[in-house]
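**Q** Under the numbering used here, think of the first position of the sequence shown as 214, with each following residue one higher.
Some hints could be false.
[Unchecked claim] Simulated crosslink set (EDC-like; lysine to aspartate or glutamate; CA at most 16 Å straight-line):
id: 1; residue 1: K373; residue 2: E468
id: 2; residue 1: K462; residue 2: E494
id: 3; residue 1: K462; residue 2: D499
id: 4; residue 1: K467; residue 2: D439
id: 5; residue 1: K373; residue 2: E440
id: 6; residue 1: K373; residue 2: D439
id: 7; residue 1: K373; residue 2: E494
id: 8; residue 1: K467; residue 2: E443
id: 9; residue 1: K317; residue 2: D219
id: 10; residue 1: K462; residue 2: E415
id: 11; residue 1: K467; residue 2: D448
id: 12; residue 1: K239; residue 2: D413
id: 13; residue 1: K347; residue 2: E235
id: 14; residue 1: K467; residue 2: E415
id: 15; residue 1: K373; residue 2: E497
id: 16; residue 1: K467; residue 2: D416
[What the hints assert, rightly or not] So the derived label-pair ranges between C-beta atoms look like this:
id: 17; residue 1: Y502; residue 2: R259; range: 21 to 31 Å
id: 18; residue 1: R355; residue 2: P401; range: 15 to 25 Å
id: 19; residue 1: E235; residue 2: T419; range: 19 to 29 Å
id: 20; residue 1: K347; residue 2: F397; range: 19 to 29 Å
id: 21; residue 1: P319; residue 2: Y502; range: 23 to 33 Å
id: 22; residue 1: R355; residue 2: G404; range: 21 to 31 Å
id: 23; residue 1: N495; residue 2: R392; range: 38 to 48 Å
id: 24; residue 1: E468; residue 2: V444; range: 16 to 26 Å
id: 25; residue 1: M418; residue 2: N445; range: 14 to 24 Å
id: 26; residue 1: M418; residue 2: E231; range: 17 to 27 Å
id: 27; residue 1: P261; residue 2: Q336; range: 18 to 28 Å
It is worth saying that the hints were derived from the structure and are not from the lab.
Here a beta-carbon is modelled for each residue, glycine too, at the ideal position from N, C-alpha and C.
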Amino acid sequence: MLTPDDIDGFMVTLANGECIPERSLKQLCRQVSDILIEESNVRPVRSPVTIVGDLHGQFFDLLNLLNVVGGSPPETNYVFLGDFVDRGHNSIETLSLLLCLKAKFPQCITLLRGNHESRQVTQVYGFYDECLRKYGNACAWRHCVEVFDCFNLSAIIDSKVFCVHGGLSPLVRTIDQIRTINRFQEIPHEGAYCDLVWSDPEDLMTEPWQISPRGAGYLFGSVVADEFNEVNGLDLIARAHQLIMEGKKYHFDKENLVTVWSAPNYCYRCGNVAAILRIGENLEQDFTYFNETEQSIHGPKGEERSQLIPYFL
Numbered sequence: 214m215l216t217p218d219d220i221d222g223f224m225v226t227l228a229n230g231e232c233i234p235e236r237s238l239k240q241l242c243r244q245v246s247d248i249l250i251e252e253s254n255v256r257p258v259r260s261p262v263t264i265v266g267d268l269h270g271q272f273f274d275l276l277n278l279l280n281v282v283g284g285s286p287p288e289t290n291y292v293f294l295g296d297f298v299d300r301g302h303n304s305i306e307t308l309s310l311l312l313c314l315k316a317k318f319p320q321c322i323t324l325l326r327g328n329h330e331s332r333q334v335t336q337v338y339g340f341y342d343e344c345l346r347k348y349g350n351a352c353a354w355r356h357c358v359e360v361f362d363c364f365n366l367s368a369i370i371d372s373k374v375f376c377v378h379g380g381l382s383p384l385v386r387t388i389d390q391i392r393t394i395n396r397f398q399e400i401p402h403e404g405a406y407c408d409l410v411w412s413d414p415e416d417l418m419t420e421p422w423q424i425s426p427r428g429a430g431y432l433f434g435s436v437v438a439d440e441f442n443e444v445n446g447l448d449l450i451a452r453a454h455q456l457i458m459e460g461k462k463y464h465f466d467k468e469n470l471v472t473v474w475s476a477p478n479y480c481y482r483c484g485n486v487a488a489i490l491r492i493g494e495n496l497e498q499d500f501t502y503f504n505e506t507e508q509s510i511h512g513p514k515g516e517e518r519s520q521l522i523p524y525f526l
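Construct all of the structure, not just a fragment, from the sequences and the given hints.
**A** As structure tokens, then:
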């Protein structure tokens, strides 16, 4: 059992730009898994709380988010919408810090699963290779993907704001149906679980559903969001999953669904702004915008990030 002092030590190590030892990572993953196993597929959260979109291994931007932009827990509660790893250079540090925060402040931190928290996807988009490079073997990756299987599928803030990584599913009409899904597994290739982490809203659609060009999940139109919100008594659906150059985007005429993107200058070359969404005590919605940090631009040793990235989008 890791002590609070152990967790604090890990966070200092990470803040100094170093990975925590593999044995410590294994203990951390197991401890956080034990916490998550006791939580629901749909985690109830109280306002005020801050919603964070995709991070994609941009560790120094996450530090900036926590230390400057959004505030540190326990003063600030967070719902992280998934996609913590892949594409950025510091996925293992990003994930390790989030696990430390969950271990230290379990009631303040909610970690949702994104489509990149997957064995198959991480072997293609960088996280697996990063673990091999930094630890010399795949053991660290295996510890991490086991905790992926425990992340929550969604969260609901004050019974009014539904949070999910991707979107909705033709197999899910009510939030209670999400509670019945067996989430302790690799993300399936199809079905409700898959749709929640892969689907996207499409503003120009006239029909309710279309097959997604991503190869998994669906595109869904305004009628789907309207019905889901009405049936479940919701005011808003908050999700991530899509790069938004302005950091956030409301969808549909009723603006009852919003995409939040929290990785500034995505892949060190997209030039986008990032945003986080604070849901206040009266469910007011307040966005904070931020740009990439100097270390995110040049790397801790001054290297030019945009010239190093080996994969893109």
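**Q** State for each hint whether it applies.
**A** Outcome of the hint check:
no.	hint	verdict
1	K373 / E468	holds, 14 Å
2	K462 / E494	violated, 22 Å
3	K462 / D499	holds, 13 Å
4	K467 / D439	holds, 8 Å
5	K373 / E440	holds, 14 Å
6	K373 / D439	holds, 14 Å
7	K373 / E494	holds, 12 Å
8	K467 / E443	holds, 12 Å
9	K317 / D219	holds, 10 Å
10	K462 / E415	holds, 12 Å
11	K467 / D448	holds, 10 Å
12	K239 / D413	violated, 34 Å
13	K347 / E235	holds, 10 Å
14	K467 / E415	holds, 14 Å
15	K373 / E497	holds, 11 Å
16	K467 / D416	holds, 11 Å
17	Y502 / R259: 21 to 31 Å	holds, 25 Å
18	R355 / P401: 15 to 25 Å	holds, 20 Å
19	E235 / T419: 19 to 29 Å	violated, 52 Å
20	K347 / F397: 19 to 29 Å	holds, 27 Å
21	P319 / Y502: 23 to 33 Å	holds, 29 Å
22	R355 / G404: 21 to 31 Å	holds, 25 Å
23	N495 / R392: 38 to 48 Å	violated, 27 Å
24	E468 / V444: 16 to 26 Å	holds, 19 Å
25	M418 / N445: 14 to 24 Å	holds, 21 Å
26	M418 / E231: 17 to 27 Å	violated, 47 Å
27	P261 / Q336: 18 to 28 Å	violated, 38 Å
Figure legend: structure checked against the earlier numbered hints; hints not met, in rising order: 2, 12, 19, 23, 26 and 27.
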